[in-house]
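Each protein sequence line maps, in turn, to chains A and B.
Using the working numbering, read the first sequence as starting at -15 and increasing by one per residue.
Using the working numbering, read the second sequence as starting at 13 and increasing by one per residue.
Don't read these hints as lab results, they were simulated from the structure.
Keep in mind that the hints are not guaranteed to be accurate.
Unchecked claim - So the derived label-pair ranges between C-beta atoms look like this: (1) A:N690 x B:D84: 33 to 39 Å; (2) A:E14 x B:D305: 50 to 56 Å; (3) A:T0 x B:L15: 56 to 62 Å; (4) A:R110 x B:A317: 44 to 50 Å.
Glycine residues also receive a C-beta, built at the ideal position from the N, C-alpha and C atoms.
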Amino acid sequence: MTVTTQTVTVTVDGVTIEVPAGTLIIRVAEMLGTAIPRFCDHPLLEPVAACRMCLVEVEGQGKPVPSCAVTVADGMIIKTQHTSELAEKAQAGVMEFLLINHPLDCPVCDKGGECPLQNQAMTNGRGETRFDGVKRTFPKPINVSAQVLLDRERCVSCARCTRFADQIAGDPFIELLERGSKQQVGISEDQPFDSYFSGNTIQICPVGALTSAKYRFRSRPFDLVSTPTACEHCAAGCGLRTDIRRGTVMRRLAWDSPEVNEEWNCDKGRFAFPYIKENRLTTPLVRDEEGNLVPASWPEAIRVAAAGLQATGQATGVLTGGRLTNEDASAYGAFARGVLGTNDVDFRARSTSDEETAFLANHVAGKSLEVTYGDLETAQSVLLVNFEPEDESPIVFLRLRKAALSGKTKVFAIAPYMTAGLAKMKGTLIAASPSSEVKALLGAVENLSAQSIVLVGERAAQTPGLLSAVAELVATTGARLAWIPRRAGERGSLDAGLLPIGGRNTTDIINAVGQDISGLLIAGVGVEDVAANLIEAIESADFVVSLETRHSAVTERADVVLPVAAVTEKSGTFRNWEGRDRAFDTVAAVPGSISDAAVLEELAHEMGATLTVSDFWATATKPALVASGNDSVSPGAGQAILSSWRHLLDKGTLQEGEPFLAATSRVGVIRVSPATAATLNLIDGATATVTHEETAVSAPVIVTANMAEGVVWLPANTEGTALNLPSGTCVTVTSGGVA
Amino acid sequence: MTLTPVLTAHWDEADSYSIAGYMRHGGYSAFKKAFTSTPDDIINLVKDSGLRGRGGAGFPTGLKWSFVPQNDGKPHYLVINADESEPGACKDIPLMMANPHSLIEGIIISAYAMRANHAFIYIRGEVPQAFRRVNNAIREAYTAGYLGKNIMGSGFDLEVVLHAGAGAYICGEETALLDSLEGRRGQPRLKPPFPAVSGLYASPSCVNNVETIANIPSIVNNGVDWFRSFGTEKSPGFKLFAVSGHVNRPGIYEAPLGITMRELLEHAGGVRNGHSVKFWLPGGSSVPMLTPDLLDTPLTYEDIAAAGSMLGTGTPMIFDETTSVVRAVTGWLSFYKHESCGKCTPCREGTYWISDLLHRFEEGHGTESDLDKLVELCGQIAGRSFCALGDAAATPFPAALKYFRDEFVQATHTPANETYDPTAATVFAGVTR
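Bound-form chain B, shown alone:
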């Protein structure tokens, strides 16, 4: 399957991020077209396109929008989740660096559809370059008259506010993001009420991922049939696949959903020379790992689920045989322990304990009974925590144990660093000076 550059089509141009660069290729024509339709028509268009949320859960975008009660007299808010912090995920930030105007045009159309006059972009604060670039793009859009009062004489007002997060993974959870955006400590909210009914400032709100919204202009311009000509019935469209890990050309490959990992690997120049795939994760650290025999699975929501994992953010990580799975899993759990917000018991205490046990394995003194204990502890978190962070934290270990039990058994007596030389897995492996 070939690549299908839509969002990435002009990233190789020097000014792809500027309004001039965006408009050279027809940018800011979609929202004008959208303004000739009714908001409900736009919602139906997105519904019919089958676009699914690109933030990880894959919830149908049009359906999510339709949950926002219309004509209720309350202010509505569109919130863009640009807090990309998933280990392995690196697609939204490059998109905002290279083509921020596709996001802004998507925001104009989406806000128009859900009758929101305020949109907020909650951006990861650790990436000031992206912050500056999006900030500048917003300024350009205001100057061009695409944002602000009575946009292009349409009678539609839209203010866009860029808000930098303070570095918490939990703020990627949509209700924690809303709390953080309101100036509170970012912790997930009790649902119901759902954000669509009572979200930001207790008003109907919709939280969407950057890539999801950046897709909207192309759907408006080219139509449902065009969009559905990519991908599968249940996973229509194209996707930014950010391939990372032990590949020769890590990077972002925009391809239709349904491309296989093996095909993607070829685009990415294959596994590091002289090495082979040991395991891979389709979309970030929060999805179960898969083995090389599943490289031919089409990367769709449904096929990856059938294979026992999740498409997640669609940012595959490839690990070759130099990788210690014990070290990898321990690293992820250290992350989840550090990022657990502390609100609920299973996630707060469970990540503390699991991380502690995994570190013992990494150091070569776990016990075999600890392995059973770890499986049980993961089971005590999954499905019991307040939000999906707990579920995510409970994911890496059971999958790793399923495929690599021997390695964990070996780690009951040998430190991971002795079994697997940590430098062998790095980009500078084999480099001498």
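Just chain A, with the same shape it has in the complex:
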């Protein structure tokens, strides 16, 4: 089927061009390389025609027209500032007006040097001001959130930020207030700009009115060295630009990547970078005879590590975590299988199952771009299975919201309650507790067709039988399937073969330490992410090698610690959930900082072997997908089934060192349905405590109307509610705080 687009012929500055009907004049000019100055115009936001900077002359129209808001008509003759005195004067007039109340603080303004107002004042303004009155001033700055600061006197009222918050993020917490020359952006007194995407408003602000607490007064644009990069925080695969000054990252911006993140990113991707410099391992560490971990030279550390791994050999388990690039993942695969000779290798630093192993091997591994961001916009319906996009893959959330608002795509979610994110996607909740998810999934079949997409989150592995049911569902409906993990390295690791085909999964490897596993090779695994007995396993193992960027509970207990390069210090590739490779370059090379792959190559060499990277999945035998037995949990009196996931901003180690970002994270709460609240004697707003074995956490209760029964939900790894247990666990819920 070919799509025919109606075209019209228009003339811009004497050049005739054929363009699709409905194109805005300003876009047509861009096609011809003519830049019409603008402030409020943004290609991804609805036109507002407020700033009046882009006025052009259209033959036959008495008044100049705003080119950002008027679409072309056949035969239209357009004259920009280059050929029309009317347009040139109109633009110069608007520029003069914009500047009368704008402070001349460019030398201390963050935007100075990369400011559309500054630039266009030079191209379309007059050299000297004719205004000699008193400029409008405001007390400055005000916090619209902990991270976003507003200098109102710099604002040109373009409404880009307010339109972004309303139209793109769906978080309309900032709005234009007051009128006339007192007009200003503001927030409601007790409601800050609570959005995971707030940083985008800073980036699209065409003046220095919005700045971040993180970057404010830290650097000048012309001192920065910029590198296109890919975000390491989740599996979305955002294209970013990382700016450094003298080797230190100053800021990160969303980069134009129409197929993936368009021009947006989330606040975690934008602001969570100080961790790179925090708590870094700088030299190799080796445990000495007294049992102390002491600095060692690279040759010595490699020698000790190689000797130890040679000894544990096939009895070594390899746990790699989610931070690996494709290149590093391939190296771990080759090292585990080719050098150590073990299949006990698993990238999943979280709760997992053999059912998931088979699911990933059969339905995800090796498939690339079968479902893309673009497909989400054309799908008839999208079913989310144990996947909360706003928290777990925010760019997927933005794209789904865009799709839903366009009216083409209907979103359904199997989830314990109607989340704010789901509401913003105009989604329909299929309420389910972890014990009824499989049943709910089978019931969702009526919403699916061959034009549907099923998005499965990594949490689906926590419910026995769910992934098998998903596989069956897509087979019967013809819907397409995509798996969206949380971490940036997971998809690449899967494709590189870091899955225990013929071996044991993360949980089983940890449990086998002290039995037939004596050595561990660990990279990028946080102990809070996996079973609590990991620390025990490390301590009881004969030999543990840790490849890590920063000090952690694992490095403290390892026998040899080999420091590896952080994401800014190396080039590499992250494969995002679509299976799309997102390559990035070295941002700031640090002498002596080498990648995991390079360290593994050294180790292999020391062990008398070579790393041979091969296409693992070409020869692998995929295990058959069998539903795990569902040993159904039945909560007793005073108990409920836990459902939990992480907020986007949590206590994650990669968010360390950024207090302004942390201050915008969401607080821990305990959610129950009204009926469940009544059964458990919980009162809305009052504190309750959730207990499992020795662990107890307390938080305020939110009685949630649209919620599955018998479930208690709380965010994982959040201050106050870091129970960090898999969903489906039976927990005790009591009113009141921890005794």
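We have chain A already, so just place chain B on it with the hints.
Here is chain B on its own, set in the frame of chain A:
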């Protein structure tokens, strides 16, 4: 030319505002007659009558109605712009005080014509008396069965809602009014889509002025020929001329369009005794001022335009020789600066700057180069702003400078209050106690 009281015919009766007073003179007969015609016939009738919008722009009313797509399955809304806030305009509020039922009957007919089952009256909130009176009139009409479900067994339903504005001039702009009515901050909307296609609640809507709609019953009752027997070919009908300023009997004079300002002045008892006209504005502060030599211009849309101004709201303001034109223009610009909604740059910043410069003249320390600057700045607003408020703000100064440049030059060294004693221009001038 004589006065032609139609809307004002019975304002001197004590109960002119009540339903009984209205019905004593044939009120609420027109809508029953209208119900015997088809809605399209009513639209054509209004089109043929040549009635033009009385809110200021003078757009043909029937044509505006015909833009509302019919039989599209969507709800339609009739919105009455009763947010009369133009400096100098005082006609809709007296009309609503003295004869609110003519508006309500007009609403019934107009809503029937454009197939709207909901009508909203957006009334200026600062006039609680008018609010109460219209509210009461609506209640009376409901009680009489002229509003509500299945009006008089016709099968036509109409609900009327009265909504008080919160005191913003911009909400008289029809799309800002719609935003305000929807509960948002009143700022004009981007057009297209026009309200006729996507107006209130994104549905086809028509926004009409109070006086325009109040004219409808008389047109239905008396016909096109009767209506066209008043006024001119291009400006048919009669008009509420609210004459204010330095006249002996300021007030509302209902006369055919085409009456001259001089004739109107005679009806209003002439200029204050012992004084003469210095300048006058045909319809509110947003139209260019005219000089006494143009007092014989017929007050029609076309003749006033030819004379270099606009009929606007048709509410002439007369200023005698005691008036400082500098002070008058500065006052208007203070108003526009205060009322600019802030959405677009030229109006938001331009009114700020112009107002600032004019205040210098008022205080006697403008410069002659500021005068050229002011003309340029007005030119930078006119035709470049988002809505007509900017155009209006750019209007008073250039016209004033054209006729009274000397006065502005004098204001480069002498404060306006020294040249023109401000008390001399007041109603209490010359009164001693």
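- [ ] May I ask you to test the hint 33 to 39 Å on the CB atoms belonging to N690 of chain A and D84 of chain B?
- [x] holds, 35 Å
TODO: Evaluate the given range 56 to 62 Å for the C-beta pair formed by T0 of chain A and L15 of chain B.
DONE: holds, 60 Å
Task: C-beta pair R110 of chain A, A317 of chain B: status relative to the range 44 to 50 Å that was hinted - done: Violated, since R110 of chain A and A317 of chain B (Cβ atoms, about 35 Å apart) do not stay within the stated range.
Task: Verdict for E14 of chain A, D305 of chain B (Cβ pair) under range 50 to 56 Å - done: With a Cβ separation near 53 Å, E14 of chain A and D305 of chain B satisfy 50 to 56 Å, so the hint holds.
Hint violations for this structure: number 4 only, all remaining hints satisfied.
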